[in-house]
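Student: Sequence:
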Amino acid sequence: MKRKVRLTQRGVGLLTLGVLLVLAGTSVGFEDVVLVGALCALPPATSWLVLLLVRPQSGRSALRVRRTIRPLPAQVGTTVQVSLMLTPLRATAAALVRLRRSTPSENIAPELHGRRPVRARVRNAADTITIDYELVAARRGRWSVGPAVVTRSGAFGLATVVEPLGEPLSVPVWPPLLPVDVGHARAAAALAVTRSGARDPSDEDSSLREYQPGDDLRRVHWLSAARHETLMVRTDEGAGRPRACVIIDPPARDPDHTGPAERITDWTVSVAASFAAHLLERGHPTRLVSTEAPASQSGVVGEHGTPVWHRGADELAALLDLTPDVRARVPGAAERAAVLDHLAPVHGEHVLAVLGAPDVEDFLALPTGVGTRRALLVETPGHPTAAAADRLTAAGWHVVSAPVGADPSLLWLRGLVA
1 MKRKVRLTQR
11 GVGLLTLGVL
21 LVLAGTSVGF
31 EDVVLVGALC
41 ALPPATSWLV
51 LLLVRPQSGR
61 SALRVRRTIR
71 PLPAQVGTTV
81 QVSLMLTPLR
91 ATAAALVRLR
101 RSTPSENIAP
111 ELHGRRPVRA
121 RVRNAADTIT
131 IDYELVAARR
141 GRWSVGPAVV
151 TRSGAFGLAT
161 VVEPLGEPLS
171 VPVWPPLLPV
181 DVGHARAAAA
191 LAVTRSGARD
201 PSDEDSSLRE
211 YQPGDDLRRV
221 HWLSAARHET
231 LMVRTDEGAG
241 RPRACVIIDP
251 PARDPDHTGP
261 AERITDWTVS
271 VAASFAAHLL
281 ERGHPTRLVS
291 TEAPASQSGV
301 VGEHGTPVWH
311 RGADELAALL
321 DLTPDVRARV
331 PGAAERAAVL
341 DHLAPVHGEH
351 VLAVLGAPDV
361 EDFLALPTGV
371 GTRRALLVET
381 PGHPTAAAAD
391 RLTAAGWHVV
401 SAPVGADPSL
411 LWLRGLVA
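Take the sequence shown: its position 70, counted from the start at 1, is 70 in our numbering, and no numbers get skipped.
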């Protein structure tokens with residue numbers, strides 16, 4: 001926003017009186033009246049000019065903004081606590097005077113409060129103004145809080161300036177993580193099941209993975225390397241903790257943005273994120289991939305040319321970092337094919353795809369023999385899923401179809417255990 005400097009009603013009245021006295025004195029030739037008029041007009045004009053030239057973040061009396069937001073990231077539907085503190089950069093007399101003449105407020109994206117009024121509690125101290133308020137994350141995405149807006153008055157209340165202070169802070173909002181209420185034993189059994197006809201990895205192989213640059217050569221398992229014709233190294237994951245790859249495949253974008261694609265996308269992302277979080281919580285090294293994002297995302301290629309699997313509940317934020325940015329796919333965009341071409345599931349990794357649209361052609365070419373391949377087909381109005389399910393099944397996938405809003409716990413058991 002731009003700075004706005006205005007005269008107050010008091011300033012406008014005094015300036016108007018001064019101008020009238022100057023005009024009247026000039027017309028009748030009374031120099032004393034002209035002088036009085038000039039003295040009346042000078043204070044509001046000076047106050048306006050000072051506020052125009054003096055910035056709140058410059059000089060010895062500069063002010064600064066500090067903001068804390070909890071939790072960060074947030075989830076859709078959760079309450080977000082925000083605290084804004086306005087303090088002087090240096091505790092000089094001029095800075096404290098400027099602080100006392102300042103009234104801070106916030107710029108808040110409407111997606112963080114659902115267009116409902118935000119009630120704030122203001123606390124004033126000698127060297128700090130604190131504003132505490134609550135927000136409710138209404139939509140998935142990345143939304144801004146700030147910059148702060150400071151209304152500052154000049155001397156004698158003759159002019160005010162409304163100006164931004166500080167930088168905006170981006171608040172990532174995850175989709176709601178739906179409960180997946182299945183026991184640990186059943187979850188482990190889910191990923192242990194492989195499709196009939198696929199090659200079952202041995203107990204020995206399930207604790208191995210392909211060699212990556214930087215791995216200790218002393219951990220190479222030479223018998224498995226000879227069997228698979230590629231270097232295999234021992235891992236600490238154990239036979240019950242195979243790797244998992246969860247794929248978010250949102251539907252194609254509606255041409256007129258009036259169809260159900262956004263609602264289907266939100267539910268697709270929410271279910272995929274819930275499954276990925278559940279796998280991570282159960283100890284499976286997990287990566288989360290979106291076919292709408294570029295292949296450079298960490299779960300596909302990553303910064304160093306190799307995908308990143310997240311391990312442990314403390315890496316949940318990193319695992320779900322892409323979920324605020326997933327949108328419905330642009331029809332004909334090349335990202336989807338590029339992501340699947342570079343996905344390269346490793347030996348023993350289990351793939352779970354949540355498909356928001358029945359156009360599954362790109363998924364048929366994913367390599368077989370790496371682990372289970374499971375697909376959840378989201379049923380959409382006017383787009384039958386039976387043909388897509390048959391094609392995936394013929395290609396070696398286990399497929400489950402479900403409408404938007406289905407219970408993710410039942411989907412988990414049907415899709416991963418059945």
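Honestly, the hints are just simulated from the structure, not real lab data. Every residue, glycine too, gets a C-beta built ideally from N, C-alpha and C. Careful: at least some of the hints might be erroneous.
[Claimed, not checked] The calculated label-pair distances, taken between Cβ atoms and stated as ranges, are: (1) THR79 <-> HIS228: 46 to 56 Å; (2) LEU17 <-> ARG55: 49 to 59 Å; (3) SER27 <-> ARG64: 47 to 57 Å; (4) LEU52 <-> THR103: 17 to 27 Å; (5) THR103 <-> GLY59: 32 to 42 Å; (6) ALA317 <-> VAL149: 53 to 63 Å; (7) ASP314 <-> THR78: 14 to 24 Å; (8) LEU17 <-> ARG70: 49 to 59 Å; (9) THR79 <-> ARG142: 16 to 26 Å; (10) ARG64 <-> ARG219: 18 to 28 Å; (11) LEU49 <-> ASP314: 50 to 60 Å.
Student: Indicate, hint by hint, whether the structure satisfies it.
Tutor: Against the structure, the hints:
1. Distance hint for THR79 and HIS228: a CB-CB separation of about 50 Å, consistent with the stated range 46 to 56 Å.
2. Between LEU17 and ARG55 the Cβ separation comes to about 30 Å, which falls outside the hinted range of 49 to 59 Å.
3. Distance hint check for SER27 and ARG64: the Cβ-Cβ separation is about 51 Å, which falls inside the suggested range of 47 to 57 Å.
4. Between LEU52 and THR103 the Cβ separation comes to about 18 Å, which falls inside the hinted range of 17 to 27 Å.
5. A beta carbon spacing of about 20 Å between THR103 and GLY59 contradicts the range 32 to 42 Å that was offered as a hint.
6. Roughly 30 Å separates the CB atoms of ALA317 and VAL149, a value that falls outside the hinted 53 to 63 Å.
7. The hint said 14 to 24 Å for the Cβ distance between ASP314 and THR78, and at roughly 19 Å that hint holds.
8. The supplied range of 49 to 59 Å is met by LEU17 and ARG70, whose beta-carbon atoms lie about 52 Å from each other.
9. THR79 and ARG142 have their C-beta atoms about 18 Å apart, which keeps the hinted 16 to 26 Å range intact.
10. One distance hint, 18 to 28 Å for the beta-carbon pair ARG64 and ARG219, is violated here, with the actual separation near 51 Å.
11. A hinted range of 50 to 60 Å for the beta carbons of LEU49 and ASP314 is consistent with their spacing of about 55 Å.
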